[in-house]
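These protein sequences, in sequence, are chains A, B and C. Take -19 as the starting number for the first sequence in our numbering and just add one per residue. Take 2 as the starting number for the second sequence in our numbering and just add one per residue. Take 35 as the starting number for the third sequence in our numbering and just add one per residue.
Do not rely on the hints blindly, as some may be mistaken.
What the hints assert, rightly or not - In silico BS3-like cross-links for lysine-lysine, where the CA-CA straight-line distance does not exceed 30 Å: (1) B:K114 - C:K321; (2) C:K265 - C:K176; (3) C:K343 - A:K404; (4) A:K399 - C:K339; (5) C:K343 - C:K232; (6) A:K399 - A:K209; (7) A:K209 - C:K343; (8) A:K9 - C:K232; (9) C:K339 - A:K18.
Stated by the list, open to error - From the structure, some residues in chain B lie toward chain C, with a derived Cβ separation under 7 Å: (10) L26; (11) T27; (12) G29.
Honestly, the hints are just simulated from the structure, not real lab data. Think of the CB as a built atom: it goes at the ideal place given N, C-alpha and C, for glycine as much as any other residue.
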Amino acid sequence: MGSGHRATFKNPVVNWIDERLPIFTLMQKEYGTFPTPKNFNYFWSFGGIAMTMLILMIVTGIFLAMHYTPHASMAFGSVEHIMRDVNWGWMLRYLHMNGASFFFIAVYIHIFRGMYYGSYKKPRELLWILGVIIFLLMMATAFMGYTLPWSQMGGWAATVITNLFSAIPVVGDSIVALLWGGFSVDNPTLNRFFALHYLMPFVIFAVVFIHVWALHISGSNNPLGIDVKGPQDTLPFNPYYTIKDTFGLAVFMLAYVAVTFFFPNMLSHPDHYVQYDPMVTPAHIVPEWYFLPFYAILRAITFDIGIPFTDIVFIPAKLGGVIAMFGSIALLLVLPWLDTHPVRSARFRPLYRQFLLLLVASVVVLGYVGAQLPEGIWVILGQVCTAYYFGFFLIILPILSRKEVAKPLPHSINEAVLKEQSLKAEASV
Amino acid sequence: MSTKAASHSHDTPPEGGTRRDFLYLTAGAFGAVGTGIFAWPFIDSMNPSADTLAMATTEVDLAPIEAGQAITVVWRGKPVFIRHRTAEEIASANDVDVASLRDPQPDSERVKKPEWLIMVGICTHLGCVPLGQKKTDPKGDFGGWFCPCHGSHYDSSGRIRKGPAPKNLNVPEYTFTSDTTIRIG
Amino acid sequence: MVRTRFLLSAAFAVMIAGSQAFAAQSEPQVLGGTPEQAEPAAMEKEAAPAESAAAEIPHEAAAPAAAAEHGAEAGGAASHSGGHSVIAEQSWSFDGIFGTYDRAALQRGFQVYKEVCSACHSMSRLAYRNLADLGYTEAEIKAIAADVSITDGPNDEGEMFDRPGRPSDHFRAPYVNIQAAKYANNGAFPPDLSLIAKARHGGADYIYAILTGYEEPPANRELLPGQYWNKAMNGNVLAMPAPLNAGQVAYGDGTDQSVDQYARDVAQFLTWAAEPHMEVRKRTGVKVFLFLLVFTGVLYAAKRKVWSKVH
C-alpha cells in the first residue's frame, strides 16, 4: 500500500499527512479518479446505499445500547423506556427497527443487480462470495436483534430458529443447549445475543471493506457485462458517481424516512409489543419479512426423504427443511460455477433473463407463502416455488450455460453509449 | 479535499463552472446542515431522560434526627449529608476568619437554619465521599469531615480547611416544606 | 435516460412489492381474525379449569399450540369455527400524516380508564407525570397522583409503607402481581393496557370494536358462566363482561355520556398511551421529509449538470 505514485495536494496539512500516511492518495485513487464504467444505471447505487444503511444501523445501535438492558426481566421495559422517556429515543428505535428492513431492501436489490448483470462471473467470483458472506452475517445479526426487545415475537423467533439446529443428527440437542446456555431461551440466551448483535456489525463492516477492496481490484461490472476496453469507456468516480450515487441514496432515504416517521410499525407485528412469555406461544409467529422466503423453503419440506415404498428414511422432514433452507443460501456461494455462460449481462441472454425474472417472482411468492399458516394451497405453492428455486440453480443454469445462444454483444461500452445517445437524439427530432 | 482536486483536474468547462459550483455548494450546504441537525437527537439522547428528571427531587423528614446526629440520603444518585448540628458545632463554624479561608464563605450563607447543615457529600477534589457522618468516623482536624482519598479536611460548616480540595462541600438547592421536612432539588 | 428511469422505478417496485407482500400478510389478520388476536397474556393460564372462563380468549385458541398447527382461520378465509370478528375502521383525529390527538377526548378517556378499566387493568408503563401530555396542569397532576396510595420502602425499620402518589410514580396497578390478578378474575389475567393499542391488529379500531361489540349470543351457542359474547372478539367469547354502561362516567364537559362515546374516548386514550410521541414523530417526519425532498432536488440538478457533458 505504501508504494506507488503519490499525489500532491494544495492544502499543506493534507500534504503533510499524506507524505507520512498516503491516505489521501488512497482515497483519491479509489474514490476520486477511480475509472468507472460510464454506463451504470441506478441499480449500481445500491451498494453505496447498503453501506450507508450499515453505518446508520451501527450509529443508531450504539446509542440504543446506551439505554438498553439485556436482561430477561428488564429488556422489554428498557425498550419502552427508550420509546417513552429517553430524549428522541422513539426516533432512534424506529430508525433502527425500520433501518433493518431498508438495509435488507437495499441488499436484495444489490443481489438482484449482481445476478441480472452477471456480476458474479469471472473475475469477480470472490467478490460475489464475500457478498454472500455479508448477507449471511446480516441475517444472523438481524435475527439476534429481533429477539432483543424480548417480546412474544422475538422470544419465540429465537426459540424456533435455535431449534432448527436440533434437526442435526446426534449432536443437535447439545448444540441447541449450547446456543441457549440453558434448557430454554432465557436470560443467558438474551445476554449472548446482545453481545453478538453488538459485535457482528463490526465483523460485517470488515467484510464489506474486503468486498470493496476486491471490487477495486477487478473493477466494476456494468449493465452491458462487457469488459472495459480503455479510458473512453470510463469516467472518474468523482464527480460522476459520487453525485449520482448520492442522488440515488437521497431518493432511497425519502422512502425510508416516510416509513419510519409515518408508518413505523408497518413492517412490524403487534406481538412485538407484548412481553415474552415462555409459557404461551402466539398463535401465528412469523419472522421479519426479509426472512419469509427462506422460512417458506424451510416449511416446504413436509415429507421424509428415503427409499420410496419402504420405511427407510435417510432425511427426516425436519432435517430436510433445515438443509433446504441453508442450502438455498449455500447455492448462492457456488453460483459462479453453476452459471458458466461466457456472457454476463441478462440483456444479451433472453432465456436466462426470463428464468431469472421467474426466480424473482417465485421468491416473492415464497415470501407471501412464508407469512401464511402452513396448510392447504400454501403448502403446495411453497413446494412448487421451492422446487423452482432449486431447479433454477441446479438444472436450468447448468443447461443454459451450455445451450443458450446469446445476442451479439456491442464492441465496447463507449460504442453502445454513443449508439444509444444517437438513437435518443433521432427520437427527439 | 482530494475529491475537489480530482474534479478540477478532469474537465472544467469554463462556462458551466459557476452553475456547477453553485449546485455543488448548495448540495454541500444541505448535506452539512442535514448531518448537523441529524446529529443532535443522538447527542441529546445521552442527556438525562424524562424519568430521570422526574426523580430529581428527594423529600426528607428531619424529625427523627437528634442534635449531633447525621444522616446520609440519596439525591440524584449522590449522597447528601444532613447534620443536625450542636450548639458547639455552630459556634465553631462561625468562629472563623472567613477571609482566611481557601473558599471564603460565612456559615450563614451555607445554611437556611443554623442547626441543619445540608450538603452534597462529595469531596470537591476528585469526587470521593468524605468520612465524618458516623460517630466513629475520623472527622479531620476541624471537627467536620475528612476525605480519605487525598486527605482533605472540612470543618463543621463543610468548608475546605486543609488538603487538596479547591472548594467547600456543595450545598444543594433545598427548601423547608415544613418545620421538619425538606425537599432537595 | 428512459432506461435508467425504468430501472429506478423497477427498483422501487421491488421494494414496494416487498412491503406489500408483508402488508398483505398482516391484512387478513385484521379482518379475518386469526387466532393471533387471542390475548397471549391471558393464555398463560395453564390450569384446565380456568379454560372455561378464558379471559378474552376465543376458546378455539385456548389450546394455543393446536390453533397454530391446524390454523382454523388461515389467511383471509373467514373461520369456519365461528370465530368471526368484526372490526370496522373508524375515523380518528390522529389518522393520517398530520393527525393529532384530541386533548379533550384524551382527558375523557383517561377518566373512563380511571373510573372503570383501572379496577382490573394496569397501565404500568405510564407515570402520572405523563398526563401533562393530556393537557393537565402540574397542580392537577399532583392531585391525581396524591389520590392514589403507593407502596414504598423499605423505611429505616425495614418495613414497606404506603404514601400518597407523586407525579414521578407509575400508574398504580390494581393487583400486586399476575397471580393475584388471575385469582381475582377466575384464572384470567386482565392484560396491562399500556401498549394494548399497538399490541393488537387494528389498534384503536380494535379497542372501540371490543367495547361496543357486546351482544346476546346466537341461539345455537351456549355460554358457560363467566363467558360473554362479543362480535369483535376473535372467537366471539371473552371473560370480560361489558364494562361500559351509558351514564356510568360523569363527563364534566357536557359530552354525550353514551357507551359509544366512552369507547371512542378510551380508545383514543389508549392509543396515546401506546404511542405518546406520535405527534412529535409526525411533525419531525414532515420536516425531515421536506428537507430531504429539497436536498434530493438539488442533488438531481447537480447530477444533471455534471452528466450533461458526458459523451
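These are the hints, each one checked on the structure:
As the CA atoms of K114 (chain B) and K321 (chain C) are separated by approximately 53 Å, the hinted pair breaks the 30 Å bound. In summary, the hint linking K265 (chain C) to K176 (chain C) is not supported, as the alpha carbons are separated by about 40 Å, beyond the 30 Å threshold. The straight-line distance between the Cα atoms of K343 (chain C) and K404 (chain A) is roughly 16 Å, inside the 30 Å bound, and the hint therefore holds. Among the hinted pairs, K399 (chain A) with K339 (chain C) is consistent with the structure: their alpha-carbon atoms are about 22 Å apart, no more than 30 Å.
For the hint pairing K343 (chain C) with K232 (chain C), the CA-to-CA distance comes to about 53 Å; that exceeds 30 Å, so the pair is violated. With a C-alpha separation of about 17 Å, the suggested pairing of K399 (chain A) with K209 (chain A) holds against the 30 Å cut-off. Only pairs whose Cα atoms come within 30 Å are accepted, and K209 (chain A) paired with K343 (chain C) is accepted, the gap being roughly 21 Å. Distance restraint check for K9 (chain A) and K232 (chain C): the Cα-Cα separation of roughly 51 Å exceeds the 30 Å cut-off, and the hinted pair is therefore not satisfied.
A C-alpha spacing of about 16 Å is found between K339 (chain C) and K18 (chain A), which places the hinted pair at or below 30 Å, so the restraint holds. For L26 (chain B), the interface hint is violated, the least distance from its beta-carbon to any beta-carbon of chain C being 10 Å, above 7 Å. Contact between T27 (chain B) and chain C, as hinted, is supported at the beta carbon level, the nearest pair being about 5 Å apart and thus within 7 Å. Interface hint status for G29 (chain B): violated, as the beta-carbon distance to the closest one in chain C is roughly 10 Å, over 7 Å.
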